[in-house]
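Asks: From the two separate chains plus the hints, produce the assembled complex.
Each chain is listed here by its residues.
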Amino acid sequence: MDPMQETTTLVQIKGLRDGLLATLSDAAWEEQRIALLSQIDERPAFFQGARLAMDVGAQILKVNDLVELRDQLSERNVALWAVVSESPTTEKTAQLLGLATRISKPRPEEGRQFSVTDLGEETALFLNKTLRSGTRIEFPGHVVVLGDVNPGAEIVAEGNVIVWGRVRGMIHAGSKGDRGAVICALDLSATQLRIADEVSAMLKPQKDPKPEVASINNEGRLQAEVWNI
Amino acid sequence: MAAQVITISSGKGGVGKTTAVANLAVALASDGRKVVCIDGDIGLRNLDVVMGLENRIVYDIVDIIEGRCKLRQAMIRDKHYPDLYLIPAAQTRDKSAVSPSDMTRVCNDLRPDYDFILIDSPAGIERGFRNAIAAADRVLVVTNPEVSAVRDADRVVGILEAEEKGTPSLILNRLNPALVKHNDMLSAEDVLDLLGIQLIGIVPEDEAVIIGSNRGTPVVTEVKSRAGQAFRNIAKRLQGQAVPFMELEQQGGLWQSIQRLAGRK
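If you're matching them up, the sequences are chains D and V in order.
The first sequence lines up with residues 1 to 229 when you count with this note's numbering.
The second sequence lines up with residues 1001 to 1265 when you count with this note's numbering.
Since the hints were made in silico from the structure, they are not lab data.
Take these hints with a grain of salt, some might be off.
What the hints assert, rightly or not - Here's a subset of chain D near chain V, in silico, CB distances under 7 Å, partners left out: (1) ARG70; (2) SER74; (3) ALA79; (4) ALA82; (5) ASN128; (6) ARG132; (7) ASN150; (8) PRO151.
As the list claims (entries may be wrong) - Restricting the straight-line Cα-Cα distance to at most 27 Å, the calculated cross-link-like pairs of lysine-lysine (BS3-like) are: (9) V:LYS1165 to D:LYS14; (10) D:LYS92 to D:LYS62; (11) D:LYS210 to V:LYS1181.
No experiment lies behind these values; they were computed from the predicted model shown.
Heads up, the beta-carbon is just placed ideally off N, CA and C, and yes, glycines get one too.
Bound conformation, chain V alone (with noise of 0.2 Å):
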């Protein structure tokens, strides 16, 4: 077994790294995946307060790194989830603690024994974000239908390019199908016009998913849940699962072209 490392990137802050991360692995775990998330924000960590795990803090990857504790000694297991932990960030400390090469490390260490390693990347793209993207298969890049968003994760992409990480796939998060049908929030082809990379979900508005960052329990868990449907899809998609795009409000024209957006090279 070795795992594929995820990087979640935005450019851009509170477009829901955090919240992508969480649920995806929360959905790739109930899928019967092994899974590690890594918090990469260190001195802003919140990853573990979305994952309902903040009060079973002891080491961090911090502490990982400067020898303090073993690997396995800060990872935290989940609550529902036998296969699935968190390495916190250390919230005392700041980027400058961690290197790109300590992050690679780190991922080499626990490729073996599991099948997803996914990073949450601090906002930014200085240290913080190189150190994410150091050990990094593949990354996702999430981003929401608002022009300074798509902007900053266009300056990810040229980034990612010139790293030679690959193109990455784009989470296109907080969609309200009834602002874009009146011309009021940018559509899923205005987004993946300008962007032009792969598209691998479309994550609806959905108040669930506040309710559930703050409980601590990722929306992915709530079957009635639009948005926990849509990361459940997206997960199945990280798997190599063809799932096709789900119908969100609006049917027909629109959306059948952003499945034949999304399946373009």
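In isolation and in its complexed conformation, chain D is listed as follows (with noise of 0.2 Å):
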């Protein structure tokens, strides 16, 4: 077996929601710990900056052995969180240490917030918060947002994108030139709105809010409409 081989059956690395997870085999902690960091070294531009979760097994690992472990994952600048654990001794080290001995699943809370509904051909992404400064949402469906859309934040959707809620940030409906496609908000003050290739910037911030409708009107210019009921 080369070398290489041996690191990966040791430990594997996979990608979670949050970050990574390192599951342990049951060898030598020492070999475990060599392996791992060998497998960070081989890659640093992949791991750097990274969240690792560790699953350990039964292993039982001593204060020394998670903090020696710890710091030099955090000199590769990658961040260690989590020690999961059969072994209620390496769980109480790991508290100690204040990491998460939990990895957290999608909560019900968090299912609800980012939920994908499949519509046979179209598909809706449904988004129960609000989207601060520096979010950027991009989908190949519709989006729906259950909250604000914050300066600074922006949804771009290849279908329509509607808003029970403030849009002050930037939406792009229509991504893939959908020129059909509709942005719908309840306060449409965006900073900028952009439905297939058309741009319409500086919506004056309204006094008193009504539902939009903005869509390509017949002269081909992004508008936007008072909704009446």
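Replies: Here it is, written out as structure tokens:
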């Protein structure tokens, strides 16, 4: 067995929703520690800034073991945040160091916050939260937001965008060229709206906001209209 | 005793993070709490200046982390409050000298012996900010009633939520009631409306803050200062007391609605 293969059988690393998970085997701790570090050293760019959780199985680990590893990871700019173990001793050690001992499964609340609804041909992404500055949502379907879109947040959807809240960020509907796409919101004081390749900048903030629908009109211009019931 | 670790952050620079840390630390210490301040702004330290302890620095946080001194040796005792300490930042190094786990370790070593550990976060959302929030039990976000500062605060709140640090509380600093009245400044309502987080204090614009910072005596010690009063109130709220929001020059509707907003979840 070549050494590369050996290290990967000792320690397996895979991606999780919120970081990386290293699953250790039953081999001696020292060997595994070296295997893990050498995997990281082989691909420093990949691991740079990563959040790492470890599943150590039944290994019994002392504070010194974990502290040493945590520091070595930290030198490589990898943050160890959780250690999952079947051994109560190891769990206690991890807790002492302020590490999590459970990797959070997507909670029901979060499941609601981010759910893809498959409607056959048409797919929609439902976001039950306010999108803050720096958030960018890209989706190959419709996007529905139950919350605000704050300045500095962006939504790029291939389909329509519906916001049950205030839009003050940037929204691009029909991003793959669908000129029939629409953007609806309770308050459309966006910094910029785009539908297909039409751009409309600087919509004035309104004193008395009304729900609006933005679409491309007959003259081919992007236009927002008050939505009348 | 187990200390609460509170990080004061903002995203944008110059909104008053360091001033807030110094003032809250002194206010907590004068309420009899044991407090340690940590300057997280490595390479651009200034919490020591604002606290008037610049000339006493021998060791700094990087010396602790790299093992050149013991934790105690780097802790500078305040001139007036025997239970107030500062761990200064290193001026000749940069953010990469400290890692998030180093910061967590230092805080965990301090936890048993103190009531509050206040960490002054650097501006930005990079390594230094990550270090500063690593150990935090609670984060206070400082912002000014300016569009750019509020937007950066919004970004910081988003990062904190993503990191599962919980929703931070807001300090609205340097509010000028006269400007708000003439619609020349964002009101507290505008800011809260956008950020949607809980308000822990509004600090009015006050010249005494700058004078205090330059002299190394935080304004919170000035009984007559409005800003000092605001910081004292925030310190009380951090200790779990329900202190009503003080009335600034504008009275009535607006301020009642702020109190209502502040109380909302």
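Asks: All hints, please: hold or fail.
Replies: Consistency of the hints with the structure:
no.	hint	verdict
1	ARG70	holds, 5 Å
2	SER74	holds, 4 Å
3	ALA79	holds, 6 Å
4	ALA82	violated, 12 Å
5	ASN128	violated, 13 Å
6	ARG132	holds, 3 Å
7	ASN150	holds, 5 Å
8	PRO151	holds, 5 Å
9	V:LYS1165 to D:LYS14	holds, 24 Å
10	D:LYS92 to D:LYS62	holds, 9 Å
11	D:LYS210 to V:LYS1181	holds, 26 Å
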